[in-house]
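K.L.:
The listed protein sequences derive, respectively, from chains Y and G. Under my numbering, the first residue of the first sequence carries the number 1, and numbering increases by one thereafter. Under my numbering, the first residue of the second sequence carries the number 1, and numbering increases by one thereafter.
Read the hints as simulated data drawn from the structure, not as lab findings. Any given hint could be a false lead.
Quick list of simulated restraints, FRET-style, between CB atoms [stated by the list, open to error]:
#, chain 1, residue 1, chain 2, residue 2, range
1, G, K111, Y, R9, 18 to 26 Å
2, G, E15, Y, P61, 40 to 48 Å
3, Y, S58, G, K73, 22 to 30 Å
4, Y, R22, G, D26, 29 to 37 Å
5, G, A18, Y, R64, 43 to 51 Å
6, Y, K57, G, T7, 29 to 37 Å
7, Y, G3, G, S80, 22 to 30 Å
8, Y, Q17, G, T60, 44 to 52 Å
9, Y, E71, G, Y64, 34 to 42 Å
10, G, Y64, Y, P96, 14 to 22 Å
The C-beta atom is built at its ideal place from N, Cα and C for all residues, glycine as well.
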Amino acid sequence: GAGVSQSPRYKVAKRGQDVALRCDPISGHVSLFWYQQALGQGPEFLTYFQNEAQLDKSGLPSDRFFAERPEGSVSTLKIQRTQQEDSAVYLCASQPPSGISREQYFGPGTRLTVT
Amino acid sequence: AQKITQTQPGMFVQEKEAVTLDCTYDTSDQSYGLFWYKQPSSGEMIFLIYQGSYDEQNATEGRYSLNFQKARKSANLVISASQLGDSAMYFCAMRDPAYSGAGSYQLTFGKGTKLSVIP
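So here's chain Y without its partners, still in its complex pose:
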């Protein structure tokens, strides 16, 4: 079956540009997470959706970061006025609805490079 997909896989942006990163979760997964992974580090939580509701955005580093999931499936992470410190891999994960012990299923990530 299809896993979590993300696009683009690689994105190069000039400082100050806006970018949009897309995540297609596994069908039927109500929970969706975004993580940021800096080079040589573990992923860090950004935000969480349950269906279309954004229930936790405590990890978003600034108001330049915005995420949405309007129909409860595909999600977009938008970064406005990109800065060099935004360079990282952005990982999306989805989780099935039953059982809180279930693992999160990750996509391949989008590697963002801000020049």
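Using the hints provided, position chain G relative to the given structure of chain Y.
P.N.:
Chain G only, in chain Y's frame:
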């Protein structure tokens, strides 16, 4: 605040040998979940094994087992019979158990251990 510590930046193991990757955690919660993920060079995080804080038995999944020592707050991953395909980054993670009504089960990750399997 939760914290995951992986003290081994890199490890080497001979093919077919067993290897232990260390993970210690810090939490004041009684209920929590511990995960290990593998991240190959392709970048995707692959779930390996899960241990709940109330699970009495150590978790096992094929060649992977989790040495859970609750009093020491450690959750080491043991890989038996290493294969060349096991070469990757390995991350220990904890599920945030806080349920404030928002129901966010975010994962807190360590910095990872790079495992290299030598033929």
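K.L.:
All hints are to be evaluated individually against the structure, with a verdict given for each.
P.N.:
Hints and how they fare:
1. G:K111 to Y:R9: 18 to 26 Å: 24 Å, holds
2. G:E15 to Y:P61: 40 to 48 Å: 41 Å, holds
3. Y:S58 to G:K73: 22 to 30 Å: Holds, since S58 (chain Y) and K73 (chain G) (Cβ atoms, about 24 Å apart) stay within the stated range.
4. Y:R22 to G:D26: 29 to 37 Å: Holds - the Cβ-Cβ distance for R22 (chain Y) and D26 (chain G), about 35 Å, lies within 29 to 37 Å.
5. G:A18 to Y:R64: 43 to 51 Å: With a Cβ separation near 46 Å, A18 (chain G) and R64 (chain Y) satisfy 43 to 51 Å, so the hint holds.
6. Y:K57 to G:T7: 29 to 37 Å: Given range 29 to 37 Å: holds, Cβ gap about 32 Å.
7. Y:G3 to G:S80: 22 to 30 Å: 27 Å, holds
8. Y:Q17 to G:T60: 44 to 52 Å: Between Q17 (chain Y) and T60 (chain G), where Cβ atoms are some 48 Å apart, the hint holds.
9. Y:E71 to G:Y64: 34 to 42 Å: 37 Å, holds
10. G:Y64 to Y:P96: 14 to 22 Å: 21 Å, holds
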